[in-house]
Every structure is written in structure tokens, then in C-alpha cells.
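Visitor: Listed here are the chains, written in short residue letters.
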Amino acid sequence: MHRRDVIKPAEAILLTVAAHLATLSLAQAQQEDDIHLIDKSAWPCAYCPAPETGPGGDIELSFGSLDAALPISQDPIRQTDEGFAWWIGGQYRNLLPNGLSLDAQGQRLGLDNPVMQLDVDHPGRFDLMLAYQRIHSSARRPGQTPFRHVGQGQLELPDNWLSAGRTADMAQLQSGSQAFTPGQTFDRIHLGTRLQAVRHWDFEVKLSQNKRRGSIWSPGSFLTQSSFLPAPLDEHTDQLEVSIGHQQAHWNIELSYLGSQFRNDIRALRWQNPFNPLRTGAEFGQKALAPDNQAHQFSLAAGYRHGRTLSMSGALSAGQQQQDASLLPLTINPHLAVDAPGQRDAEARLQQAMFRLLYRPTGTLRLKFQYREHERDNRSHRTPLNIVQSDLYIDDPRTPFDDGRRRQSLKLEADVRLQGSSKLRLGWEEQRKQRSSGYREETDEQKTWLRLKLQPQRWANLSLQLTERRRGGSSFRLNPDELPPQNPLMRAVNLSDRKQTDTQLRLHLEPLPWLQLALQAAYQDQRTASARLGPGQSERLSLNADLSIAFAEFWQLSAFAASHRDRLDQTGAETEATPHWEANSDDRQRNFGFSLSRTQLWKRFDLSLDYQHLQGRSDLQTRQFGLARHFPDLLQRWHHLSLRGVYHWRPRLDLSLNYRWERYVEDDWQQDDLASESIANLLGPGSAGWNARSQLLMASLRYRY
Amino acid sequence: MRTSRRLIRGLPLRLLLVALFIGSANQLGASPDAVSPEGDYSRKGADTCLKCHDQDAEAPVLSLFATPHGRRQDSRAPMSQRQCEACHGPGEAHAGRVRRGEERPAMPYFSRSGTARTSEENQICLACHQDGERSHWLGSEHESEDVGCVSCHQVHSRVDPMRHSSRQNARCADCHQDVRAATLRPSSHPLSSGEMRCSDCHSSHGAVQDTLLRGLEKNQACFDCHAEKRGPLLWPHDPVSEDCTQCHQAHGSTHPAMLTQRPPLLCQQCHAQPDHPSLPPDPQSLPSSRLSLRSCVNCHSQVHGSNHPSGAALMR
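Keeping their order, the protein sequence lines are chains A and B. Using our numbering, you'd call the opening residue of the first sequence number 1 and step up by one each time. Using our numbering, you'd call the opening residue of the second sequence number 1001 and step up by one each time.
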């Protein structure tokens, strides 16, 4: 095929497209001329209300009594300490005559989860946002620990501690333990400002700082013996985003930088071994906590619109993640002589690119082309390292794993508008992944989809989605005769051929202004082929229904119901190739909730009642050599009831009363009724069954000014 | 010589192509004035509309004047341009006299009984708001599904409900009902309480990533709060650096730590090598360090990777 055989037809096509666009542009230019003829001097806006300048807002004072904190609760007030508390909230707004506006708000000030935000906006010049938030959470189950110096990097046992080979033989375990419930606070401060002083230009700066403090359970082990350790948390993340953008009528461009620095003030956790050491010198162990790291990224994003027919957008970015923390010693066991590991900086370089093209040749057809690429290049030092297993013995050298990868995806889609608001979307995507892991492992996944949206009536919307994914192309095949040195099966099983189908049906009805009904059903089926080990078939079924009725003046009822089920069949083998056991898991959840409200009762009262319920159940069965064994069921039940009444005492004064009741019950075979010494080689946190109840009664006084 | 003659002969055509393309680009645009339907504008602008749409109207609109859209002294605001008709389109037909028995014509855009397409209405908003993350709006999932700007945003409201956590999450849940159900599960991000918003992780206006996740890299939204998992680490755990959702259900799960499945089965989906990783879960061995509490993670506690030089087995 000669070049002229391609160039001439291509030129003809381009000429046709350009002529088409030119015709449209001429028509639009004429239209613009017509618009500019409008005489707006006759539009004085005399009826337009003047903006309300001056201060305004509200302040709310609340008192509450909480009989028991409930960490599982979705309500932040329920997660705070129990007892009597008071807190305030409110909002302050001020619009100045020059157009500058201030908006300050606060919620739950005085409790463990306060929120504050300040917005300053000068239209056409700048806007500024300053926000602070604290998220407080604690462990769901209280526990206990014999370790001292909780909150520090070195944990020690009581002075009279006698080590033992089993937890049941640790004589001081019960007497020497103290109550410990891990908890953490997450403080977030965010400052953002946007300058728009120059027309068509935006300059934006965002600064944020996250601080996480508290403690968590973190196990520490000596190969076959392990202890739950009360590990400290003292982490900070500082993030800076700067962007500058320019917009015109038909194109825009933005250049941005993102920098993030993570700092951990506690780099290691050392603990005293409560067990008899398995080797001489293993009286203490040390594990590394998350090291300081940083990330930088530059990106360029642009968009271009050629009328309503053609649009393009794209993004390019390059960045790197670095970590150069000095390494801990290979072991703290003084009886093992090993060289220092030396400095090993870790670095990964990331590159991303995305290009999207939309072309609308007719009023009813739109074509989309999208290409995306992501590459992670692991530049870390990867020479073999002599390691010490669990401070016990020197093991064979290991080479750090290369987690580099490349992902490319090409997507084509056609969007056809049918009658009215109905439309049909057909698409195809190919995604190729390459992983660098000693050998290159490549997979191809093809995805096809159909989405049909119908609007048979103005008040009825129906949509159907069918998607199929097929992954193949992997060169992985099980080799029963080979004993892999570093377990390539770790990754290989997850790269086997796979087929996944998704079906989703959605119906939305609004036959009357006061009645809405939404139904959704989704089903997913996934089957893994070419691998006889690991996940085989999985199914997921999700059903949802929402109802909203304003069945009388001032009455509103809304309700929802949801059902979700996940089933998974999985096989395993103690040798490489032939599965000899099978596990079947079945997770089910059901949600139900409703909300009933009556407003303006006797023109003074607003009343509301809310109830939500969750029921979860997980079944697990294993089959080995034809013999089935059932695990105890995992059961979860949660009830939440809220009653609220608001009395409009004065035009600016409201009094509200709120009662909330919550109950959570969990039967979990993995955690229930496990004392610290229940497992011989695992010093646990001590965990009884969990059945919690919580009540909150609160009163609020709200004044508007 | 023959090549250069061929080039010269083809030159006018090529120049014509370029000129047509650039010329049409300069003419076609998305400025507010360019996106306008046919029809006549009212004689008095907003004063025509506000005669009926006043403080006693069924659909309150006057709150607009307390928002940036209603600031007449700001030359960028619609109310300083063609006022109500800057967004709603020419209103002469709607405001004019209607014969008895006939229905009043709807406003061209953003009208309950109007016939304008969602994409046309969105273009009006995008005429001014085509910046930042909205660069990727066209062709995004929401845009392809005909989600309108006004499906979520309320321009005539003093405070857009999308700026309020609980109301934003509730609005997203109107379509994403399964996600709402997931956020109510025992182990979840604090979305139901309003302490987090959907927009903390997702960019509903368009994004490079699938599922409209923020950031250019898949895990970037997670690393904004969980930077301790970012590394890079001396001994990484491959699924962590590739995709957090291989093990976690970010919207909520009945399993601790928002896991998709509990260990040991979760770990055994990849780890099928000989010895203890491949032992079948056996209820008759309960309680057991291999099954109870955190199962595999009882010993391999550095499941997100380790920076300890002896951390190859993710125990140190």
C-alpha cells in the first residue's frame, strides 16, 4: 500500500469534516450577531432584591447525656466519652457592601469530633477557605494488655514477669494486665485559596495537614509466637497543591504541582518477649513502623472544544515517591552477628497520560476515544540482603520485590440518542498490564458493555447495563514439578484468566409530584479459569429500593431497603497443583430504614422519627477430602432509633429535644470469648462477645440573628 | 523535483484545510452568548420574571440574589449579563400572553416542562465553569449518563446543599443506592455521619481514573489520608502498591478493616504455596493463631509492606 493511497482519502475526509465545522461556525457567528443586538438598557432589574448586607447567622447550644459510648455508631456524638456534656455550634455570615462575604461555621465544639470552617469570598478577586476537623474513633472492643509504657516506642512487661512457653502458663498475665482500648484522633487542617484577579486566569493554592495520634493493636511475632502490642501512633502528613490555569471560551489549560510529606515521629516499636525465647538473645523484638516518605507530582491538563461537535481533553503527569529513612539494624539479638544493612533509599517514578476525544458527527451520535497509560518504575536498590528471621536466626539472602508495573488502556464508545431522552451506549476497552517481578507477567483484559436508558414516560426512567470482562494473555501456568524459591504463586494465581459479567437494572418512577420510587438490582458473576487454585467462582447480588412520599401536607415519609449477598468458592492445596480443599463463603447483609416527619404541627412543632436496621450474616464452610465442616456463623445486628422534636418558640428561637437509641450485637467466631491466654502461642487482647447499647438524650437551643 | 511539484500542487488544499479548521475554532465557542437557542428575549429581563416569581411563588427563586450568581456588580455573574435569561434562555414566549385553554410555553432551559436536553443545559453552566477538574467533564461517566449540573446543585438556594457533607452524601446515594447501603455496614468510612464526603475521594465533575476517583494514580485518593501506606518500602506487598481495593471495600464491609474477605481466605486467594499458607481453614482447630483474631496477620502484621531490613516475610 502506497502512502498516496492513504493520504488522498484522508485529506478528503478531513476536508469534509472541516467544511462541516466551518458551516456550523458560520451559522453560529450569525446567531451571535443577533444576540448582541439585545438592548439591555431596558433591563433595570428594579424588582431584584438588594443583597442582604450585614451580619447574620445562628448559634446553637446543646446539652446531652450519653449513657454509653458506641464506637460502631455512625453518629459522631455517640463515639465520644459517656456522661453529661455540652457543646455549641453555629454559623456567622456577613456580606459587606463591597461584595466581600464571610461565612464561618462550627459544629460539635466541645466534643471529641468538632468541625470548624471559615470561607471568605470576594467575587472576581479571591476566595479563601480554612477548615479544621477532628475525627475520633476507638476500637470496637475493649481489651487488656500486660505491657507498660503504652504510647511509647518501647514496651516492657511488669518487673515480676516470668516468661513461659504458653500463654496459659504466664502466671502474671491476669494480675499484671491493665485495661486498654486503642483509639485515635485524626486532626485535619485545610487552607485553600483561589485568586481570580486577572480575567481568565486562576491561581489556586491548597495546604493541608493531617495528624493521626493515638494507639492501635499491632501484633509482634517471633516466628511461631505472637503478641498483640499496644502500638503508638504519631503521624503527620503535610500536603501542598499549587495550580495555575487559564480558560478561554473553547479551551483551557492547567499546570499543577502536588507535594506530600509524611512524617512518623516513632520509627520503631520494641517489645519485651513474654514467651520463652526460641533462641538465645530473643528477649526483645523490634519491628519497623511506617517510615518518613515524600511524593511529588507535576501535571498538565488541558481541554479543547471545537463547538459542540468535537472536544478533546488530556492530562500528563510525572512524579516520584521517595523514602530515604535510615534502616533499623537487621536484628537486635546481641547473639547474632550480622553486618549493618547500609543505606537503601527507595524510589518509584510514576508517569501518567490520558487523552480523550469526543466527536459528534450528527445530533444523535457521539463517538468517544480514550487512551490512558500509567507506569510505575521502581528505582529502589534491589540487591540481595541477608536477613534475620524474627530476631531468631540468620536466613538465606532475599531480594526485594520489584513492584514496577505498566498499565495501558484503550477505550472506544458510541453513544446513540434514541427517541426523547432515551439513549444507547456501546463500548469496548482493552486494558493491558505488565508487571516487573523477576519475570514479566502480562495480562490483557477486554471489556465490552451495553447501556440502555429508556424514558417511556416523562415520569419513568429505566436503565439497563450489561458488562463483560475477559482477562487472558497471561503466560502463567501451574507447574506441579517445580518448587518455587520465592513463591511466584503469590502473584501468579491472581493473574489467571478470568471472566466477569455484570448486569444492572435501575428503575426510577415519579408518577406524581409527591411520590418517588427507585429500584435497583445488580448481579455480578466472576469465574477464574486456567488456575485450579485460589478463587474459582464468585457471585454478587445487590437489591435496593427507595421510596419517598409526601402523603399529606406537612407529612413526609421516606424508606429504603437493601439486600446484598456475596458468595465465593475457593480452593487450596498444600502441594502446588492439585486442590485438596475447598472453601465456600456466603456473606449476606440486609438494611432497612424509614424516616417519618411532620412539620408545622399547630404551626409551632416539627416532629421526626428515624429508624435504621442492619442485619449481617456470614457463613463459611470448608470441604476437605469430601468431608464438610461448618464454621460458626458471623452475625451482626444493628438498630438505630431517633426521635426529634423542634418547638419554634419565637421567630428567632427554636428549642429542640432529641432522643437516640442504638444497639449493636455481634457474634464473631474470630474474636468472641477469647481471653488473652485462650491461644497457646498468641497473647491476645482479650475479647469477650460484644453486645452494646447506647442512649443519648439531648436538648438544644438555637437562636437566629 | 517531481516530489516538490506534487507538494506545491497539494498546497492550496492543505492550506484550505488548516484555514477552515482554525477559522471554525475561533468562531465556535462555549461562551454564554454562543450557547443560545432561538427565540425572543423578554422586554424587561428579570423584572419580567420577578413579577410572577416573587417571594410568594411556589418555587422560591429570590435566594439567588444572595449567591455569587445573583451579584449584579460582578461582571461575570449571569445577573449582570442577560439576567434570568442568561441561564433559562429567551423568555418572551413564556412571559407573554397565553390564550385560554392553552398551556404556557416553558422556558427553554432548566424548566420542569422544558424539552431541552441535559447536555444543552450543562453547556450553559460549563460556559463559565469549564475549569479545574471540570476539564474532564465531557466524556466522563456522569456526563455520559446525562447527569445534569442541576441534578445535584441548587443554584437558587442560598447555600448549595452540595457544600454540606450529609446532604451531599444523601444526594449521591439517590442514584448510588448500593453504596449507601455499604456505608451503613459496621466497618466503613465515616460517611453516614457526615464526617467524610463522597467528594473527598471522588471527583464527580470528571476524572482521569475509573470510578471518578481523584488523582492521577489509582491509590492517590487513599494516600491523601493514609500516606503511611505509600512507601515506597524496602519490602513492598504487591497488591498494596497496585490497588488498595484488591483487599479493601472502601465504602464499607461487614469484615474488620473494611476487608473484602477475612484472612486466611483473603490471603489464600494469592498465597497458594506449600506449607502453612495453604492449610485449609478448619473450625475444629478453633481457637487457633492461624484462624482466630487476625489470622495470618497475627504474625505477618506488616501486611502493607515493611521497611525493616529483615522484613521480607512482613513480620518485622
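Any given hint could be a false lead.
Straight-line C-alpha distance at most 35 angstroms; calculated DSBU-like pairs for lysine-lysine [stated by the list, open to error]:
(1) A:Lys447 / B:Lys1218
(2) A:Lys411 / A:Lys499
(3) A:Lys499 / B:Lys1229
(4) A:Lys499 / B:Lys1044
(5) A:Lys603 / A:Lys499
(6) A:Lys447 / A:Lys499
(7) B:Lys1051 / A:Lys368
(8) A:Lys206 / B:Lys1218
(9) A:Lys206 / A:Lys433
(10) A:Lys447 / A:Lys411
(11) B:Lys1229 / A:Lys411
Hints listed in this document are in silico derivations from the structure and should not be mistaken for laboratory results.
Visitor: Would the hint linking A:Lys447 and B:Lys1218 be met if the CA-CA limit is 35 angstroms?
Guide: Holds, because 19 angstroms separates the two Cα atoms, which is no more than 35 angstroms.
Visitor: Would the pair B:Lys1229 and A:Lys411 pass a check requiring their Cα atoms to be no farther apart than 35 angstroms?
Guide: With a Cα-Cα distance of about 31 angstroms, the restraint between B:Lys1229 and A:Lys411 holds, given a limit of 35 angstroms.
Visitor: Check whether the Cα positions of A:Lys447 and A:Lys499 lie no farther apart than 35 angstroms.
Guide: 10 angstroms, holds
Visitor: For the pair supplied as a hint, A:Lys603 and A:Lys499, confirm whether the alpha-carbon distance does not exceed 35 angstroms.
Guide: It is violated: about 60 angstroms lies between the C-alpha atoms, which goes past 35 angstroms.
Visitor: Keeping to a limit of 35 angstroms between CA atoms, is the pair of A:Lys206 and B:Lys1218 held or broken?
Guide: 21 angstroms, holds
Visitor: Sort out whether A:Lys433 lies within 35 angstroms of A:Lys206, counting only the CA atoms.
Guide: Cα-Cα ~34 angstroms, so holds.
Visitor: Assess, step by step, whether the Cα of A:Lys447 is no farther than 35 angstroms from the Cα of A:Lys411, and give holds or violated.
Guide: With a Cα-Cα distance of about 9 angstroms, the restraint between A:Lys447 and A:Lys411 holds, given a limit of 35 angstroms.
Visitor: Keeping to a limit of 35 angstroms between CA atoms, is the pair of A:Lys499 and B:Lys1044 held or broken?
Guide: Violated: A:Lys499 and B:Lys1044 sit about 62 angstroms apart, past 35 angstroms.
Visitor: Next pair to validate is A:Lys411 with A:Lys499; report whether the Cα-Cα distance is within 35 angstroms.
Guide: 19 angstroms, holds
Visitor: Take the C-alpha atoms of A:Lys499 and B:Lys1229, compute the straight-line distance between them, and say whether it is at most 35 angstroms.
Guide: 31 angstroms, holds
Visitor: B:Lys1051 and A:Lys368 were given as a pair; does the straight-line alpha-carbon distance stay at or below 35 angstroms?
Guide: It is violated: about 45 angstroms lies between the C-alpha atoms, which goes past 35 angstroms.
In terms of the numbered hints stated before, the structure departs from hints 4, 5 and 7, listed from lowest to highest.
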